[in-house]
Each structure stands twice: as structure tokens, then as C-alpha cells.
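Reconstruct the complex from the two isolated chains, following the hints.
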Amino acid sequence: MKNQTYCVAMFDSVSHVIKAEKILKKAGIPHKIIPVPKSISTDCGVCVRFLPDHRNAVTNALMSNVDISNIREIIL
Amino acid sequence: MSITINAKGLACPQPVLLTKKALESNDELTIHVDNATAFENVKRFATASGCDVETKKESDGVFGIKITKKKENQLNISQPAEHIYDKDITAPTGGPMVFVIASNMMGSGNDELGAILMKSFVNTTTNLEHCPDIIILYNAGVKLATVEGGAVDDLKALEEKGVKILVCGTCVNFFELNGKIMAGNLSNMYEIADTLSTAGRIVKP
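As given, the protein sequences belong to chains E and H, one line each in that order. Position 44 of the first sequence, counted from 1, bears residue number 44 in my numbering, the numbering being contiguous throughout. Position 119 of the second sequence, counted from 1, bears residue number 1119 in my numbering, the numbering being contiguous throughout.
The following block holds chain H by itself, in its conformation from the complex (with noise of 0.2 Å):
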């Protein structure tokens, strides 16, 4: 059954949410969007749920989003979690380790300090031994995806090492940093709390 959802003018996680839900009594639906953060999560929702997905821009603004389930995938739909790391959450480590970045600060007491420590981790963390599968950047430290924030070249390396870099879209919204983020991937809540589920382990400096 094939239905269509209007989520034009919803902000995420709506739309992914929408996406989500939809998928579990449908096996193939069209979503339209008119924002690009909206559009990149529910076609890398999509993508890493095991559908096939095609995409058309459609007139001001207005993404139009064909998801189909593959045949293999129906009973999957409601195991996100599994299909977007790829991982497998009952290997001995429990599931990927992750990095949760809250701030552009290291600590609290004192904010130049916080910010120079916080700069040194991300630089440090590219030459540990056993890097983080997972990297998040929410609240204020989504600042550190940007050219201003001292740790782009890191996390680029970082992602050339194949560490995913999710950054908060609403965070990227509030701090009205569109378009001057230059690491990682724009992502949202539903994505972020369902990572941070399902790891096995969480560093938060």
C-alpha cells in the first residue's frame, strides 16, 4: 500500500518520525518536505532502514521523497538502530563507542579554559588507539564543526578514519551556523537519542 505525507513546514524530528511510523504499516510512501535538514535525515533514515529511496525537487522549496521498502527489509523496519550503525549491538563490546560532545567547553569553571582543553581532546582523539565509532555534536558543540571553532581539520580526519560525526540540525539552526558547518553529517533527535541507546559505550568530556 502506497500512502503520502504532507510534512511541509514541520521541523525535525517531526519528519523523520513521520517517516518512521508510516513505514511500519506501509510498504512504499511519498513524503514531501520543504527544508534541506529535513530532507538529508529522512532520505539517510530511509537509506539506512534498507529502502530504496528516490528523490525529486519539486517547485519552492519542496522535496518530494519516494520510499520503498526492499522485499528483505518489511519485518526489519522497527530495529532502526541495527540497520543505520551496521553494527552488531550483541558483539562483546555492546555496540559502538560514542563520543558525546554537549558543549565547545571541557568542563566548567572557567570558559577560555574549557574552550583550549575542548579543542585539545578533539585534536587528542584523532591519534588514540581506539578511536570512537560514533561522534556527537549537540548544543554548543556543534560550534566546533565550523571554520571559527578551532577542530574542523580534526574532525575531517576524523571522519576520513570512518568515525561518523552527527550534528545536531536544531543546534546548527539555533546558533544560526546553516551552511558554515564542515564536518559530519546534519542529524536530529530521533537519530541522537537512538544512538546514544544504543552504544556501548559513552564518553562525554
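If we strip away everything but chain E, and leave its shape as in the complex, we get (with noise of 0.2 Å):
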């Protein structure tokens, strides 16, 4: 589990995350809700986790839906 490579991509609303979530969800995209890593900030904030294989997968199925306001590579 550790030191895997993952994409995480951030929102600028925890209602943005939920509906990331059900879209993603419906979309059978591999995908798991975390705590925003403390490295990328310190706020009280959630993040959709993913494994950068399924990137275009998420910003496919997120794009017209959702806003993502940053997905960041970070290895965890």
C-alpha cells in the first residue's frame, strides 16, 4: 500500500467531491474518497483519489459535470 503512485484530484467544495463520487461511482471508475494529503494543504478538505492509469478516465467522465479545480500526482 505504501509509496504507490496516485493522482489526486481536489474541488473547491466537499458538494463537488459527492457528486464526483456518484458520477464516478456510476462510471465503475476505480476511485476512493481520502483527506486532502496535509502536503498539498493543510484545510479540512476531501479529495478523490485515483491511480494515474485511470486519469483520462476521470477527467472524461468528471469534464461538463463537475469542476476540478487541480489534480495533483502524488505519491503516497
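Misleading hints may appear alongside valid ones.
[What the hints assert, rightly or not] Quick list of the computed label-pair ranges, beta carbon to beta carbon:
id : chain 1 : residue 1 : chain 2 : residue 2 : range
1  : H       : E1058     : E       : S39       : 54 to 60 Å
2  : E       : Q4        : H       : N1006     : 48 to 54 Å
3  : E       : I75       : H       : T1047     : 39 to 45 Å
4  : H       : S1059     : E       : N65       : 30 to 36 Å
[What the hints assert, rightly or not] Below 30 Å or equal to it, Euclidean Cα-Cα: the simulated DSS-like pairs (lysine-lysine) are:
id : chain 1 : residue 1 : chain 2 : residue 2
5  : E       : K38       : H       : K1161
6  : E       : K22       : H       : K1071
7  : E       : K38       : H       : K1056
8  : H       : K1164     : E       : K19
9  : H       : K1180     : E       : K32
10 : H       : K1161     : E       : K32
11 : H       : K1070     : E       : K22
[Stated by the list, open to error] Some, not all, of what chain H presents toward chain E, calculated at C-beta under 8 Å:
id : residue
12 : T1004
13 : T1146
14 : G1150
Note that these hints are calculated values from the structure, not bench results. All C-beta atoms, glycine included, are put in the ideal place defined by N, C-alpha and C.
Have a look at this one:
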């Protein structure tokens, strides 16, 4: 589980995360809700984590449905 | 003295309670149960109480469990807590740290937000400096141990770290999640109440 490269997608609000989760669940794209990593922000936020392989699928699924504020690659 | 108990048709936690009671006055007993949860619970209780356990599958989904007290444990059966968790409850912390997850939502106010927060909480728990010793999942909290629950990989990671995870069997039945629980051990009210009452610290998100 350790030292795996992931992408994390950040959103402007928790309701956007909830909406994104619903869309990704429906589309069957593997993802996970995690707290925003401390190295990115110390805000009390949640984000969507997924494997870099699914980056295109995630952005396509969310495009024109939810605004992603930022996607970062991170080693967790 | 050896006795035989018929616990067929009884739901959890009855078979465990009957076993506990019978062990108070008998050194050896055989109990018959007819469901997998009761079978696992009785077996685990007996092992945790320091008994020898022999099992055999009988006809029509009936299991026979033969339980024999080990000599040195004959006096300790009335204090199962210490044996179940192998913890010194007189230690400075006073007992194990127990996380109680009574819902698949954290807090109340908005259910969708609550579900997001709980997943985030379980994920964070895997990185805590002071991991819980035991996590109890009950009521809708058991949903977290299913693939759809969004926390099963975190719960598995916690188990690998040595965290004991108790999943309420009654609740699993109620939500019709039999066979879908992918982390933790199915447990019963006896063990859950015992764990809560001997905990050094209880954390309830």
C-alpha cells in the first residue's frame, strides 16, 4: 500500500466531491475518497484519489459535470 | 463432567452465552449449532477462553463443537475479557483503545457529507501514530467492511497492522450483507459488550 503513485483530484467544495464520487461510482471507475494529503493543503478537505492509469477516464467522466480545481500526482 | 448442548435454531449471541454458562460448571461440552455465525463465534469464544476446540461438520449444515477446558484455565472462565484480548487491563492505559463505528456516516446533519467524512476518517486511522487496538463496526457501520462501503482496503490494512476488527453479525444479517464482509471477524453482542466494558479508551467518530 505504501509508496504508490496516485493522482488526487481536488475540488472547490465538499459537495463537488460528493457529486464526483457519484459520477465515478456510476461509471465504474476505481477511486477512493481520502482527506487532502497534508503535503498539499492543511485545509480540512477531502479529495478523490485514483491511479494515474485512470486519469483520462476520471477527467472525461467529470468533464462538464463537476469542476476539478486541480489534479496532482502524489506518492502515498 | 461432559454435557451436550443443542443450540440449533438459536441466533447470536445465544449459543455463546450458553457455552459460557455451561463452561462455568463443566470441563467438557459439545454444542450443536446450525449457522456459520454461531459456529465461528462459539469457536472463537472457546479458543479465547483458553479451551481446546474440536469441530466437526454434521449433516444438514449442523456443526458440532467439542470444547475442553485446559487444566490451568479451569478457574479463569468467569473472566473471559483478559483471555479474549490478551491484554493486561490493569496496565496504565487501563485497557485497549477501542474505536466504535456505529454508522457509515460521521456525525449528523447531511448523510452524503457524513458518508464522505467516515471514509476519510477510516483512511486517516491507518496513518495514526496511536492506532486503535480494536475497531467495532455495528449498525450501518458494518457497511464499511463491504466493497461498496469504500473503506475495505483501509480496514484490511489496519488488520495487517494487528488491529482487531469486530463486525456485528446481527447487523450484517439485517442489512443482508452475508458473504459481503471483506474485512474483520463476525462478532456478537457478548463480545461487543465485553469489549466496550473493558476498554481503556473508547473513540466514537
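Checked hints:
no. : hint                          : result
1   : H:E1058 <-> E:S39: 54 to 60 Å : holds, 57 Å
2   : E:Q4 <-> H:N1006: 48 to 54 Å  : holds, 52 Å
3   : E:I75 <-> H:T1047: 39 to 45 Å : holds, 41 Å
4   : H:S1059 <-> E:N65: 30 to 36 Å : violated, 56 Å
5   : E:K38 <-> H:K1161             : holds, 22 Å
6   : E:K22 <-> H:K1071             : violated, 57 Å
7   : E:K38 <-> H:K1056             : violated, 52 Å
8   : H:K1164 <-> E:K19             : violated, 33 Å
9   : H:K1180 <-> E:K32             : holds, 19 Å
10  : H:K1161 <-> E:K32             : holds, 21 Å
11  : H:K1070 <-> E:K22             : violated, 54 Å
12  : T1004                         : violated, 47 Å
13  : T1146                         : violated, 14 Å
14  : G1150                         : holds, 6 Å
Hints 4, 6, 7, 8, 11, 12, 13 from the earlier list are contradicted by this structure; the remaining hints agree with it.
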